[in-house]
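From first to last, the protein sequence lines stand for chains A and S.
Its first residue numbered 6, the first sequence is counted upward by one per residue in our numbering.
Its first residue numbered 2, the second sequence is counted upward by one per residue in our numbering.
Honestly, I wouldn't trust all of these hints.
Said to hold, decoys possible - As a list, the in silico EDC-like pairs of lysine to aspartate or glutamate whose alpha-carbon atoms are at most 20 Å apart:
(1) S/K137 / A/E16
(2) A/K96 / A/E58
(3) A/K113 / S/D336
(4) A/K172 / S/D87
(5) S/K5 / A/E16
(6) A/K151 / S/D87
(7) A/K113 / S/E363
(8) A/K113 / S/E359
As the list claims (entries may be wrong) - Covered stretches of chain S, going by a simulated chain A footprint (3 or more residues, C-beta under 8 Å):
(9) 6–13
(10) 175–189
(11) 196–208
(12) 376–386
Just so you know, the hints here were simulated from the structure itself, not pulled from any lab data.
For clarity, every value in this text was computed on a predicted model and none was experimentally measured.
Note that beta-carbon positions come from the ideal geometry of N, C-alpha and C, so glycine has one too.
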Amino acid sequence: MKKIIPYLLIEITLLFFFTILFPSTVIREGIGQNIEGGKPIISLENNKYYTQEISNPTGTLNSISLQLKNPLIQDNSLISIEILDTDGNLKRDFAIYGSNIGDPSWIKLKFAPLSEPTLLVRITADTPNDSSLYLFADDNGQIDLKTTYRYQAFRSRLIQNYQSQIKLFSQRSFWHNFSYLVIIILLNLYLFKLVNEAQSKK
Amino acid sequence: MNRKLKIIFIFALILRLILAPLFYHRDLKTQNFHLQFLSSGVVNIYQYIADHKSELPYRDTFNYLPLTYLSLASVQNLLKPLLPGDFYVWINDWSATQDNYPNLFYFLLISKIPYLLFDFGIAYLLYKIYGENILKIWLYNPFSFYFIYVLANFDVIPVFFTVLAYYYLRQNKEFLAFFSLGLAVALKLYPLMFFPFFLFYYRPKIKKIFLATLYLLLPLIFSIVPFITNSAFTNSFSGSGLTQKIFEIKFFHLPLFPLVYTLVFLKYFFSKTKSLEFSFLLLFLAFIVFVPFHSQWLLWFLPFVILPVIKTKIKTITFLFILLLSLAYVALINDQYLFWGHLIPISFDFLNLPHPVEIIVERFHQDPALIQQDIKIFVAFLSLIFIIPFREKNNTLSTN
C-alpha cells in the first residue's frame, strides 16, 4: 500500500499546483467587463463629454481600459478620463496626450480599488479645435471597455480558485467527466497492482 | 514488457492525462479548424481556403503538406465520437470569447490523444535503441512535455518517424529506415536536414544512395503530385517559415546555419566512428544560435541529443541551462498566447497578467530583441563545452 503513496502524492501535488496554488499566487486581479468589437466611430469633439456606465459587482474595481485610435499618431490633444460615482462625485481622473495613443491601442488606467457598485467613465478632449482622435464603440454608442477587479488576500484567492475549478468541472459534459475520472482511477488501480507485485516479488 | 517498464509507462500516462488538458496553444485550434473540411469531402484544402476565404470565420492559409492534412483530418474523424458535442462550435468560433468553453479541457485532451501515442512510440524506440535511462529521461522531463503537450503542434509525429528511421537504420533495414524518414518528410520538410546523416551512417555505394533517395522521396512524391500544379497549394506552402529562417542570420552575406551544417556534415562524413547523436547535438546548438526558431522546432532534435548530453554532469547541467535559455528566448516573443495564454484552460485571468516583454520594456526599459541576441551569444559560449574536447571523467549516467 505504502509504495503507491509517492505516485499519488506526485499526481495530487501537480494537480493542486497547476490548478489552485499557481493561479492563486500569480493572479491578483480578475477580468470584469469585456466589451470589444466596436469600430473607431466616435470622433472626440472639443469639450464634449462621452460617458459610459461601469458595473463593479465585486466592489474592487482597479483598472479600466479604453480603445482609442490616433491615425498616424498625428494628434497630440490632451484627453481627460474621469471616473465618477452615480452622484457625479469625481473618484479618479487621468490625463493623457494623443502621442501616447496608438493607431489604434488599448489604454489601460490602473488605480486604487473603488468600492461603488456602479460608476461612470467620462471622456473629454481638451483642444482648441475638434481633435482627430477616435473612440471605439458599436453602432449603439456602447464604448469598447475592459475592466479588472482586484482579488482578495492569498488565502481567499486559494478558496476562490478551488471553488472556481469545482464550478468549471461541474459545467463540463457529465459523461466526459465520468469517463475521465473512471480512466484515471482504473489506471491508478493498475499502477497500485503493478507496484504491489513488484514489492511482493522482492 | 517487464513490470518495471509497465510502471514507468503507466505513471507517465497518468501524468499526461492529468496535465495535458490544462495547457492550450492556438495552433491546435487553427489546425483542427482546417482539418474539419475533409469530412465534408474537401481534399484540396489549399484551393478550398482560397475560394472561400471571405466566408470563413478563420482566414489564414493551411501551411502544411497534403499528407499532414489528409492524415490528421482522418484522425480527427476517428476521434469524433469521443469529442464533446460543442467541439465543432468551438473550432468555428473566432469571436472575442472564442475559448470560453467549459469543455475546452476535453477538446484539448482528446485532440492530444494522437500525440500521446507518438510520444510513447518515441519513448519505446528510445528504450530499444539506448535503454531504460533514456526512456525515463524522455518520459519524465518537462521539456518534451512542454514541446508536445503545451505547444501541442503535430511535430511529435514526424519526430516519431525520424526516430523510427534511426531504429531501422541501426538494424540495417534500409528500405524501412528511409521510407520512415520519407513519411516524416511528407508530413513536415525539416527531416530532409537529417537525410545526409542517415544516408552516410554506413558507407553506401552509388546504387544504395539512389535507392535510399527513392525510398525517401516516395511518400512525398505520392502525396504532393496531385497538388503540385495548384497555385493555391504553392502559395500556401511558400508561406512556411523554416527555409526563410534558416538563411536569415548572415555574416558577410553568408548564411551561418547552412555553413555550420556543412561543417558538421563534413566532420561526420570523414570520421571513422560516426556519431549521429553528437552531430545532431551540434546542429541543435547551431540551430538555437543561428536560427530565429519557433519553440516547437527544438523537439526535432531532442530524442537524438539526450545520449551525448548525459555523458557527464557538467554537460547535463549546461544542456539544461541551454534549454532554459531557449525557453527564455521564446518568452521574449511578444505573444500572450505563447506565454500566459497556455494556461487559459485553468483560468482566463492569466490573460490579464503582464507579458514578460511588457515588464522588460516598461519596468526595466530594455529592448527584448537585444536580450534575445544576448541569449543567443550566451548559448554559443555555453556550446563550447560540447565542442572543445575537455578531458572527461567517468560517465555519470549510463544508457542502461
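Now the hints, each set against the structure:
1. S/K137 / A/E16: Judged against 20 Å, a Cα distance of about 17 Å means the pair holds.
2. A/K96 / A/E58: Measuring from Cα to Cα gives roughly 14 Å; hence the hint holds.
3. A/K113 / S/D336: 18 Å, holds
4. A/K172 / S/D87: Holds, at roughly 19 Å.
5. S/K5 / A/E16: Holds - the C-alpha atoms of A/E16 and S/K5 are around 19 Å apart, at most 20 Å.
6. A/K151 / S/D87: Status violated; Cα separation ~27 Å.
7. A/K113 / S/E363: Cα-Cα ~13 Å, so holds.
8. A/K113 / S/E359: Holds - the C-alpha atoms of S/E359 and A/K113 are around 13 Å apart, at most 20 Å.
9. 6–13: Holds: 4 residues of the stretch 6–13 of chain S have a Cβ under 8 Å from chain A.
10. 175–189: violated (count 0)
11. 196–208: violated (count 0)
12. 376–386: violated (count 0)
Checked against the numbered hints given earlier, the structure breaks hints 6, 10, 11 and 12 and satisfies all the rest.
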